[in-house]
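Going down the list, the sequences are from chains A and B.
Going by my numbering, the first sequence opens with residue 1, and the numbers climb by one from there.
Going by my numbering, the second sequence opens with residue 1, and the numbers climb by one from there.
Be aware that a few hints might be false.
What the hints assert, rightly or not - These stretches of chain B come out as covered by chain A in the derived footprint (C-beta under 8 Å, 3 or more residues):
hint	stretch
1	134 to 143
2	225 to 237
3	265 to 277
4	300 to 314
5	412 to 424
No lab work stands behind these hints: they were computed from the structure.
Yeah, the Cβ is synthetic: ideal placement off N, Cα and C, and Gly gets one too.
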Amino acid sequence: MVEESPMNAQERILARIREALTVPAPMPGSHGHGHDQGRVEVPAPVFAFQGRPVHVARAWLPPGGTTPEEQLTRFSAASAELKTDFRCVASEAEAHEQLRGIADSEGWKRVASHHSALTDAATTALGRPTLFTDGGYVPDDLEACEAGITTCDVLVAQTGSLVVNSRTSGGRALSVLPPHHVVLARRDQLVCDLTAAFQRLEELHGRNWPSMISLVTGPSRTGDIERILVLGAHGPKKLTVLMW
Amino acid sequence: MSNAAQQFLEAAGTITRNLRHRGLIQTALRKYEVARDRKKSAFNDWSSARQSAAETKWDAINHLDTYLTEFTSKIEARGTKVHWCPTGPEARDTIRGIIRDAKAKCVVKSKAMTAEEIHLNEALEKDGFEVVESDLGEYIVQLRKEPPYHIVFPAMHLTRDEISDLFERELGSAPTREPEELTMIARRALRRKYIQADVGITGANFAIAETGMVSITENEGNARLTAALPRVMITLLGIEKVLPKMEDLALFLPLLATAGAGQTVTGYNTLYGGPRQPGESDGPVEWHVVLLDNRRTELLADPEQRDALHCIRCGACLNVCPIFRNVGGHTYGTTYSGPVGSVITPHLRGLQDWKHLSNASSLCGACTEACPVKIDLHHHLLQNRRNAVGETPSWIERLAWRAHAFAVNTPALYQFGQEVARIVEPLRQRLQGTPLDPVKTWTSTRDLPPVAPESFKEWWRNRR
C-alpha cells in the first residue's frame, strides 16, 4: 500500500474544490430561477448586505438595549429565564457578603478558583480551603470542589451570556467541572450584544488568543428526555453571577 | 427498487401505524414550535437575518478553497495538526492512528454527526477501544445500540420509562420516572469517564477562517469537558463548516439556537484555537483537526444544489416536515434524515440507491421556509427526481407520457376517451380495491376521483 502524505490529500481536496467552483452558483434566495437550472453562466450576485454582512445584520437580531440601564434590565430578564442566579450588588464588599451567604447555605467545604484581583479578594473574604487551578491541578481534586469561582471577559445583555477563557478564567475545566459556577464581574463588562462582545474580545485578546473562549449561557442543561428541561446535565447545575 | 427504498417503505408502513410513536413526536415537536416561535419573535427581522446568513454562507462556500487555506494556516500556527481526509475510510484510519499513537484505552466523545457519517464508533470499538458518547441523548442511543433518531434530539423517540428500563438494565440503576433523576444517573456514570479518558473526540459547528478557530455548540457541557480533560483532543468536521469571520458568529449562533431548539443562544458556544498554550493550566497537549470531504466536493460541483452545503445542521427542516413527523428519523436509514438528508444523501451515497427519498416529500415547502440559511430544499428534491429519471429513463413511462401528450393534443381522441371513461366508470367503481382494479396501486392508498358526468365544455354549452 502506498502511504499518501497529508500534503497530497490537502492538494487533492483543494483541487477538487477549485474545479467545482469554476461554475458559479445562483444567488441565495433566488430559488435558482431566472436562468437555466443554474447550469449556465450567472452574473455575480449583488448582495443586499454588501461587504461585511454581520455589521448590518446586527440590526435584525434580538436587541440588547442601548443604555447601560436597559442592558442591565435585559441581562437580568435573560438570566431569570435561563435560571442563572444574577445578583447586581452595590459594592465588592456586598458581593463577598452574598458569596459567603451562598457558601453557608450550600455548605461548601472546598472551592476552586484562579488568581486575579477579583477572585483573590473573594476567596480571601470567603476563607475556605481553595484549590487554585493556575499552573495545573489534579482533575479529581477539582471534581471534589463544590464551587468554581471565576472572572469573565464580557457579559452580553442580548442573550444573558458571559464569556470565560482558558487563560484568564482559570483554564478550561474550572467553569464546568464543579457543580456550582460563580462568576465575579464588573458593571462595565456588560455589553449590548454578541457583535459588541466579539469586538471586546478582540480588544482583550486579539494579538494572542487563549486556546479556548467559551460563551456560557445559563447553567448546563438538557432536554434529551421527552424534551423536559433538566439543569446540570454534565456541567454546573447552578450558575451565579455577582456583579457590582 | 433499491434495497434502501424497500426498507424505507416497510419501515414507514409500520411506524406510521404506531400511535405511541406519533404521540411522542407530536408532543415533542409542538413544544419545540412554541419555543421557536417565541424566540423568533424576539428578532427585529427574522427574514432579513436569514437572508444575511444565506449570503454569508454563500460567500464561504463559493470561496471555500481560500477560506479553508486561511483556516488551516491560522490554526496550524498555534500548534494544531490538521489532517485532510478525502474519504470516510481515510478519516477513520487517521483517527485510529492518532488514538493508537496516544496509547489510549478509553475515548470520550461529544456529539458529532460527521462521526456517525463515517461510522467511527464501530471502527474504534473493533480496534478494542472503549468509546463513550457523552451527550445524554447520544449516550442513551449508544446504550441501545441504535443510531441517533434526530440530528439534534437523538433520543426523541423514547419515553422516560424506556430510558429508565434501559439504565436499569445497562447501568444497574433504580427505576425512576423523573427526567432529572435519569439525567443524574447519566451524569454520575459519565463524570469518571472524562477524567479517565486519554482521548476526547468532538465534532464542530463552525470553522472560523479569520482567526483559525473551531466553534462547538452544546447545552450540556459535555463537549467542554471532552475538550478540557483528556490529553489528546480530536475534532472531526466537514469542509463545509467554514465561516469567514469570528463576528459572523454573532449572527449564526442565535440563528442556529432559535431554529434548532427554540433558544436565544445554546448553553455553551465554545471557540477552540489550539491545544493548551503556554501559561494555561489545562487542556489537551495535542489537538488534531480532521477535515472531511467524503463527497462534499461532488455536491459543491453541482451549482444548482451547492447551497445544500450551507446547512448548519440545526434540524429545523426535520421538525417541520410532515413526512419526518410521521415516518420518524430511523425510517430514512441515513445519517442525515428529514428534508436536508433527502437532498444530500443521494449526493453522498449515490443517486440511484437513494432517489426514493426525493419522493418522501409532499413538496409543501415547509422545510425551505424553516431553513435559517435559506437552502432551497424542496426544489432540490424535485431536481433530484429529475436527475434520477434523466439518468435511467423508463421506456414505459416515456411511452405513457407520449401517448398522454398525443391524446390531450388531439381533441377528437380526447373526447372519445371521455365517453369511454364515463361508460366504464360504474364498472371501475365496483372493481375498486379488488384484484381486478386496473389502477390498484393508486387506489390502495388514495381515492380515484370519479369521472364527471359532463365535461366543462358540455356544461358551458348547456348553460348558455
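Tested hints:
Under a criterion of three residues with beta carbons nearer than 8 Å to beta carbons of chain A, the stated coverage of the stretch 134 to 143 of chain B is upheld, 5 such residues being counted. For the stretch 225 to 237 of chain B, the stated coverage by chain A holds: 4 residues have a C-beta nearer than 8 Å to a C-beta of that chain, and at least 3 were required. For the stretch 265 to 277 of chain B, the proposed coverage by chain A is satisfied: 13 residues have a C-beta within less than 8 Å of a C-beta in that chain, meeting the threshold of three. Figure legend: the stretch 300 to 314 of chain B, annotated as covered by chain A; annotation consistent (7 residues with Cβ-Cβ distances under 8 Å, at least 3 required).
Three residues within the 8 Å Cβ limit are the bar, and the stretch 412 to 424 of chain B against chain A gives 0, so the coverage statement is violated.
The structure fails hint 5 only (numbered hints given earlier).
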